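Protein chains in written order, with the working numbering: chain A, 23 to 348; chain B, 23 to 348; chain C, 23 to 348; chain D, 23 to 348.
Hints were generated in silico from the structure; no laboratory data involved.
Treat the hints with care, since some could be wrong.
Identical chains blur together in the list; that is why a pair holds if it fits in one copy or across any two.
The calculated lysine-lysine pairs, modelled on DSBU-like cross-linking and capped at a C-alpha distance of 30 Å, are [stated by the list, open to error]:
| no. | residue 1 | residue 2 |
| --- | --- | --- |
| 1 | K159 | K91 |
| 2 | K341 | K215 |
| 3 | K307 | K206 |
| 4 | K215 | K159 |
| 5 | K206 | K91 |
| 6 | K205 | K159 |
| 7 | K206 | K341 |
| 8 | K91 | K341 |
| 9 | K215 | K91 |
Note that the structure is a prediction, hence the values are computed from the model and not measured.
There are 4 protein chains.
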Amino acid sequence: MPLPTPLLHPPFNTVRLSHTVFDITDLAASRAFWADTLGLHVTAETEGCLYLRAMEERGHHCVVLREAKEARANHLAFKVWEEADLDRAAETLAAMGRPVEWVERPFQGRTLASADPHGTPIEFYARMDRLPTIHQKYALYRGVKPLRIDHFNCFSPNVDESVAFWTALGFRTTEYTEDAATKKLWAAWMHRKGGVHDIAFTNGLGPRLHHTAFWVPTPLNIIDLLDLMSTTGYVANIERGPGRHGISNAFFLYILDPDGHRIEIYCSDYQTVDPDHEPIHWDLKDPQRQTLWGAPAPRSWFEHGSLFSGITPRDPDLKAEPIVAP
Amino acid sequence: MPLPTPLLHPPFNTVRLSHTVFDITDLAASRAFWADTLGLHVTAETEGCLYLRAMEERGHHCVVLREAKEARANHLAFKVWEEADLDRAAETLAAMGRPVEWVERPFQGRTLASADPHGTPIEFYARMDRLPTIHQKYALYRGVKPLRIDHFNCFSPNVDESVAFWTALGFRTTEYTEDAATKKLWAAWMHRKGGVHDIAFTNGLGPRLHHTAFWVPTPLNIIDLLDLMSTTGYVANIERGPGRHGISNAFFLYILDPDGHRIEIYCSDYQTVDPDHEPIHWDLKDPQRQTLWGAPAPRSWFEHGSLFSGITPRDPDLKAEPIVAP
Amino acid sequence: MPLPTPLLHPPFNTVRLSHTVFDITDLAASRAFWADTLGLHVTAETEGCLYLRAMEERGHHCVVLREAKEARANHLAFKVWEEADLDRAAETLAAMGRPVEWVERPFQGRTLASADPHGTPIEFYARMDRLPTIHQKYALYRGVKPLRIDHFNCFSPNVDESVAFWTALGFRTTEYTEDAATKKLWAAWMHRKGGVHDIAFTNGLGPRLHHTAFWVPTPLNIIDLLDLMSTTGYVANIERGPGRHGISNAFFLYILDPDGHRIEIYCSDYQTVDPDHEPIHWDLKDPQRQTLWGAPAPRSWFEHGSLFSGITPRDPDLKAEPIVAP
Amino acid sequence: MPLPTPLLHPPFNTVRLSHTVFDITDLAASRAFWADTLGLHVTAETEGCLYLRAMEERGHHCVVLREAKEARANHLAFKVWEEADLDRAAETLAAMGRPVEWVERPFQGRTLASADPHGTPIEFYARMDRLPTIHQKYALYRGVKPLRIDHFNCFSPNVDESVAFWTALGFRTTEYTEDAATKKLWAAWMHRKGGVHDIAFTNGLGPRLHHTAFWVPTPLNIIDLLDLMSTTGYVANIERGPGRHGISNAFFLYILDPDGHRIEIYCSDYQTVDPDHEPIHWDLKDPQRQTLWGAPAPRSWFEHGSLFSGITPRDPDLKAEPIVAP
């Protein structure tokens, strides 16, 4: 199936990914990890719930941690340009047969809840509480010095279907992996905000959340985090990296929070704002697409992901034989 | 004068700044500087004219060097979303009483030439020749490893007027300096592509081009360039820095090309895609707005700029007494 | 006067510089600066006295801060190879007409106090209390992440005399500045431990301490310190830099503690262990010897220094006309 | 066996490791790798033989590549303080029953050839041709920007015996791995020049050369080399890393030259000049001693090494069951 043509005039204007809501099982352990080690800044704590933002963000939160019985990804949220875009989004999603529900979320305005074709829970809002800047309060920087949320990465049981759906919402593909034999998509990276991605999809048991990524200034911040985690009891939470992806050209590290939610620390991808920005094609057989430098990813990286609350994933339509990477 | 409200629905969609065309007096000297030292990649050489791009760019050029009798900035160019935006731009500019002319430019599609209210020569196009990616051809990286053009900075004889004009075109102010006494704008940073600026204006004899900036991966690339320039005969071309700006929070270096055209090397500003992104106000009396670390800029930095070809600048309406910085 | 030939067989074996003892006027202010901002690790606090070490050091202290009525440098200390070297040092210094006194110092073994020909107070010891390693306790790293003390830099009223004295003690000159007209030394960098210097001398009102330097991992740690100091009330304590020295090729920053004692943050000089390592000659007229990148140092950097307790400095024999740098 | 006590008064004064002589099979391929990719500077080319130095070195060479039928490590060379040390070395080695031969080597003075107890070919010299400085000729920097040779690492069939021998020559152990059950040494790092090591020994089929290491300024230079190698046909020559060693605390990368000679790129270990510097003990069962961040080394890293010309290695006395790392 050829890659669908990106829309020049999307039905509504999604600005960027906004935040992940995680179900976690021990708030104190999560706070020690996300705030004290990773370095996100706590913006609110309500009963059993912690809100965090990264250092250059002015929106109230990019991560919400909610204490729950089971570790889950709860939903993925996006910010749209204006209130009218929420109405256009509701209309668009309803016309595509997707669920549409208006929900209340603390610190946010009107919020629309829906799901993509495989059931990935997604929400859209136009306005969130704004906070004073802290990006020049350098005494507050901690851990990896996270600057902003960068993207979501999800397992999809059918990447062609995922790409078709998100293209119809106005997302644009920047890089993709294709199975040369079947011409099926194996993985795709899609953006709205002008970087390599706001959201990506990888073939696998899905829907599940593979990781949420945060942008940091330089590779040296990632080295600092590795040194810190490996000498404060978190060495087993380091999963993969550091390295450079072939896809996205970004320098990366993958770590796991105390509940096994995967986090990518990410820097130095490239700008993609041009409407005629050509997607880059990668062959499934090219190992450098995962790691430019050649080192393989561990098996867990291909298999493990966070379940979405209340959603049962299904096996992918494309079978990996043997296991290959996105 | 209060800062004008940014438009949620601009009359046409400018994607980003695109390129500067410079008149230079010695093509061989310019090539040695821009390509061999700074590290931009030559994409075409026609008689008396050199085209260059930065390493992650796929558009044909971000700098054009044209041999001429006198060193001048020729014009500043912007890319719009689609051909229809060019027609909307022409209509908008004509309605504002600005000149509108359709011109031919090599390697570009239809191009609209105009000028802002003080005469700054500007051009708009929708399509430029696209080139194969070189961002992962690391053997081609040279000098400061420039990744992409980042912004223009111009002297304006009346920054309030400049901001009013560019706001009407859809540009959004991210940071600004105000004279507390007169409530007049002293300087403003305005963007389209989601960073701190595509174009900025500083009070001064204008219109003149203060500098063109290029984005690099990390401060260490800037240190590498300083080491290289200072040991290859270019030590006198280093004007200011390295340092961190208060405004934009970016790490910077200012250098001069062989004709005195100023270049900024720039990294690590922040993302500004949110429509409710609040502009940051700076007081003209706060020296940290220029250099967060306190070091003053040299006098040349406030006074020197490139004249635009055929345009006579005028004294600014706001007089500096004594000289203060943007 | 030609540079004296370094000794292949010194009269005693000095291993390295060890520590500076400073008189400071407000222990709380000094602690906030040296420990909380700069990042040195407190190893002991006795009445009115704070001991600190850098992160890779195992000796008990590299800086001692003693509360006093006036801000002064108290003395400079060196570590020798073994106890017998202390006796050889005493014999050598006495034979040179220098004072010799055995003093008690907390956390140290037998300590010899003396002074160089211009009165710089110096001490030698062989054994200091050793502490457990903390270089891999990354949760303890703060501020600029100082790894070790690197060198002292002193004003000398006669650099030729200083170099003659320290060469006789076994120190080796790695770089020097000469006044081409008079063939007098203007400045010299001398080492024992295999880097560019343990101690350096600059022509000026002396003896006074110009600065004490600390080694950090990379230039990015220096940028981090600048960001921190400039946003926590210490912007006026930033004096010069960042930059690269021509002499030593090191990346540097100069800051002032709350009493005006100057500190250099320093990285990336080179190894000098070879006995046939040739000193590098610099002309007093070459501005790149100070800053490879050409930026001049502020006037304060040439004029200000810490007085040694109880020592009256004298004017230099070489007069600067106009002021020139080391 | 307890670690032998380091000598305060060694029989002769070894300054530092000096260079490795490699037998290689294709001089053009080796030159493309060592000079054009890695960035060592060619100082001489004689028939079938290439001499290289790193950027801050003034000695004529730190690597010699000699075209031969088979890829081998030829010998490891050390620099001593003065000519008399060569005579003392000859006397010491002869008294220990080691071979002593005076050999001619281009660009060097009098050279003593010998072997350690397991047959590792070693040479000592006092004077080598000195070359003009190039450390501030930044236009000559290439590849990983290697500054100096840092250390050798060898497989030894009996590390206790190796440590006993080299301690008797005046080398000092900084870190070591012990098998808790047998109290036998598994690996040891030994220095003369004031860093973590000039030479290290690891239990294994030996003698063989495990790797030769070069010092670079920062981890970012290592990332640059990875990007370059992985996009110029050398991705298969990347063996392990980047990462941080627990032992030495250094940031590392291991690569293989076209003949399979292993090279470590290394930065940021610590200073060890104190005579009372305590060796750090590591347990063989602690995986963080190899990689602080926890990632295992590939099997090849434990098994592969360069044979020394004409020397047949023997199995180690300590058997690994299963394979464990140094």
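Against the structure, the hints come out as follows:
1. When the C-alpha separation of K159 and K91 is checked against a cutoff of 30 Å, the pair qualifies neither within a copy, at 36 Å, nor between copies, at 34 Å.
2. For the identical chains of this complex, K341 and K215 are neighbours neither inside a copy (32 Å) nor across copies (40 Å), given an alpha-carbon limit of 30 Å.
3. Taking CA atoms no more than 30 Å apart as the test, K307 paired with K206 passes inside one copy only; the shortest distance there is 13 Å, against 46 Å between copies.
4. In this assembly of identical chains, the alpha carbons of K215 and K159 lie at most 30 Å apart whether taken from the same copy (26 Å) or from different copies (25 Å).
5. In this assembly of identical chains, K206 and K91 lie within 30 Å of each other by CA distance neither inside one copy nor across copies; the values are 38 Å within and 49 Å between.
6. Only between protomers do K205 and K159 lie at most 30 Å apart by alpha-carbon distance; the minimum there is 27 Å, versus 50 Å within a single protomer.
7. With identical chains, the CA atoms of K206 and K341 are at most 30 Å apart within one copy only, with a shortest distance of 11 Å there and 50 Å across copies.
8. For the homomeric pair K91 and K341, neither the shortest alpha-carbon distance inside one copy (32 Å) nor that between copies (48 Å) is at most 30 Å.
9. For the homomeric pair K215 and K91, neither the shortest alpha-carbon distance inside one copy (35 Å) nor that between copies (43 Å) is at most 30 Å.
Of the numbered hints stated above, those contradicted by the structure are hints 1, 2, 5, 8 and 9, listed in ascending order.
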